[in-house]
Amino acid sequence: MKYLDEFRDQTLAEPLLKELRRSVTKPFRVMEVCGTHTMSIFRSGLRTLLPEEIELISGPGCPVCVTSASHIDAILAMAELQNTRIALFGDLFRVPGSNGLSLANASSQGAKVDIVYSPMDSLNLARKYPEELIVFLGVGFETTTPGIAATILAAKNSALDNFAVFSTHKTMPPPLLALLDDPELQIDGLLCPGHVSSIIGAGAYQPLADTYKLACVVGGFEPADILQALILMARQIANGEARVENAYTRAVRWEENSRAQQMVRAIFKTADMEWRGLGVIPESGLAIREEYSHYDAERRLNIKLTPATEPKGCRCGEILKGKEVPSQCPLYGKRCTPGNPVGPCMVSSEGTCAAFFKYTQ
Amino acid sequence: MKVIEIQGDPDDFLSGQIALVDADGIRKETRLDIVDRWPDLGDYLIIHAGFAIHTLDPQEAETNIRLMREMAEKVEAAEAVEQRT
Ligand code: SF4
Ligand code: SF4
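Protein chains in written order, with the working numbering: chain A, 1 to 361; chain B, 1001 to 1085.
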C-alpha cells in the first residue's frame, strides 16, 4: 500500500494547508456530497485545521442514510420470510425500521442475514444454500451499481436461480439538482464524490456548474486529496469562476467509465425513487429491467412498499439537506448515539451524526 | 494495487474476468467486469467492493504522486521566497 501512504503523508498536508489559506480570499460554503468525504475530513482532523472562511456542509452522499424508512420496512419484511436469506453490505445491518427494530434484531431472532464484502459473494451463498432465495440488498450510488449489475449477469450466465436483488439504487446528479433548487440552501461550491465520479466522469457535473454557478471540484478521499480540491475551489471562488475541475485524476476521467455504464444500462432502467428526507425524486433511481425480472426481489417476492413514518424526532432529513447540524437534533447524544442509533445518520459509519459524535464528543 | 495475473477475455463476459493483484505481498482476486480500461500486467487498479473500477498504468500512478509532491514543494519554495523578502 506504499502508493496510498504517499497521499496520507502529513508532510504533504501542511504545505497544502498553507496554500489553501493563501488561496482563500472570502468566506464560502462547500457541500461535501459524499459521506466518505465527511468521514475523512473528521478522521484526519482537517475540520479543525481549515481556514475559518470555509464552511463545510454535509450532503446526501451516504447511501444508507438516504434509504427511506419504507424501504427498510420492506427489507425487514423480506427477512421474516421462510427460505429467504438476506445478503448485504454491513452498514444497513443496524438501521431501524419504523417499528424501531433492525436487521440486527431480526437476525438475533433467527432471520438469516449475511454481511458480504462483494455482491459476488452472495452468489457463493446461493450455491451454498440451494433451498433458499438469496436476496442481495442493492443499496448504493453509481459506484456500487455496476458491480451489482455484473453479479446479476453472472447469476444468469451460470444459471443460478435462487438469487435476487432488492434495488434501492440511486443516482447522483438528480438529488443535487433538487437540493440546489431550494433557495434556502446557499452554497458556493460542491466537493464532488471521487468514486461516483470515476464511473460517471467529471463531465457529469457540468450542468450544475453552468446552471447554478457552482464551483464543482472532484476530490479523492485522502486529506491531501481533499486539500488539493479545496485549493482549486478557493481559487475559482476568488476569481469569480464556476466550473468543473478534477483534483482526483488518478481515479477519475472527464468521460464516464463506459464499460461500467453499459453494464448498468443493460440490467437497470431509471425509475422514480424515494429518498429519506428528500421524498420521491423523479428518475433518481434504478430498477431492474423486465428481461431480468427473475432477479428482481421486489417482483419475485411481490413486495409492496408502504408509506412509513420516520423515527420520531429524528432530524436526518434537515441534516441531509445541509440545513441543520446534528447538535440541533433534540435526540442527538441523548436517545440517539452510535451504540443505540435512532436514525440512519447515526448508524452509518459515513453518517453525519455518527461522524460528529465520534469526533466532537 | 498492482496487477500480477489476468484471466479472461475483455470482450467475453462469460469468461470470468479476474485479475490477481498484489499490495505489499498480500494477494487477492478482483473482478474486471466493469473496469474502465482492461489492464496490462504491472498496471494499478482502484477497487470497490471486489470490482476493479479504474486502471492506472505505472507511469500515471507515479505522475500522480509526483504532482502532489511538486505541489507541496512549490508551496514551500514560495514560502522560502516570502520569508526572504
Ligand atoms: S441524532 Fe439521531 S435522531 Fe437525530 S438526526 Fe441524527 S440520526 Fe436522526
Ligand atoms: S443521514 Fe446523515 S450521513 Fe446519511 S446522508 Fe443523511 S446526512 Fe448524510
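Hints are computed from structural coordinates only; laboratory data are not their basis.
For each residue, glycine too, the CB sits at the ideal point set by N, CA and C.
Treat the hints with care, as some may be off.
Cβ pair distances, simulated, as ranges [what the hints assert, rightly or not]:
no.	chain 1	residue 1	chain 2	residue 2	range
1	A	Lys128	B	Gln1007	37 to 47 Å
2	B	Gln1007	A	Gly90	26 to 36 Å
3	B	Gln1007	A	Asp182	25 to 35 Å
4	B	Asp1012	A	Glu55	21 to 31 Å
5	A	Lys213	B	Arg1037	27 to 37 Å
Okay, derived cross-link-like pairs now, DSSO-like style, lysine-lysine, Cα gap no bigger than 30 Å in a straight line [to be verified]:
no.	chain 1	residue 1	chain 2	residue 2
6	A	Lys112	A	Lys304
7	A	Lys156	A	Lys312
8	A	Lys334	A	Lys304
9	B	Lys1028	A	Lys156
10	A	Lys323	A	Lys358
11	A	Lys128	A	Lys112
12	A	Lys312	A	Lys269
13	A	Lys128	B	Lys1028
14	A	Lys112	B	Lys1002
Against the structure, the hints come out as follows:
{"no.": "1", "hint": "A:Lys128 / B:Gln1007: 37 to 47 Å", "verdict": "23 Å, violated"}
{"no.": "2", "hint": "B:Gln1007 / A:Gly90: 26 to 36 Å", "verdict": "29 Å, holds"}
{"no.": "3", "hint": "B:Gln1007 / A:Asp182: 25 to 35 Å", "verdict": "49 Å, violated"}
{"no.": "4", "hint": "B:Asp1012 / A:Glu55: 21 to 31 Å", "verdict": "51 Å, violated"}
{"no.": "5", "hint": "A:Lys213 / B:Arg1037: 27 to 37 Å", "verdict": "34 Å, holds"}
{"no.": "6", "hint": "A:Lys112 / A:Lys304", "verdict": "21 Å, holds"}
{"no.": "7", "hint": "A:Lys156 / A:Lys312", "verdict": "42 Å, violated"}
{"no.": "8", "hint": "A:Lys334 / A:Lys304", "verdict": "34 Å, violated"}
{"no.": "9", "hint": "B:Lys1028 / A:Lys156", "verdict": "25 Å, holds"}
{"no.": "10", "hint": "A:Lys323 / A:Lys358", "verdict": "21 Å, holds"}
{"no.": "11", "hint": "A:Lys128 / A:Lys112", "verdict": "13 Å, holds"}
{"no.": "12", "hint": "A:Lys312 / A:Lys269", "verdict": "34 Å, violated"}
{"no.": "13", "hint": "A:Lys128 / B:Lys1028", "verdict": "22 Å, holds"}
{"no.": "14", "hint": "A:Lys112 / B:Lys1002", "verdict": "37 Å, violated"}
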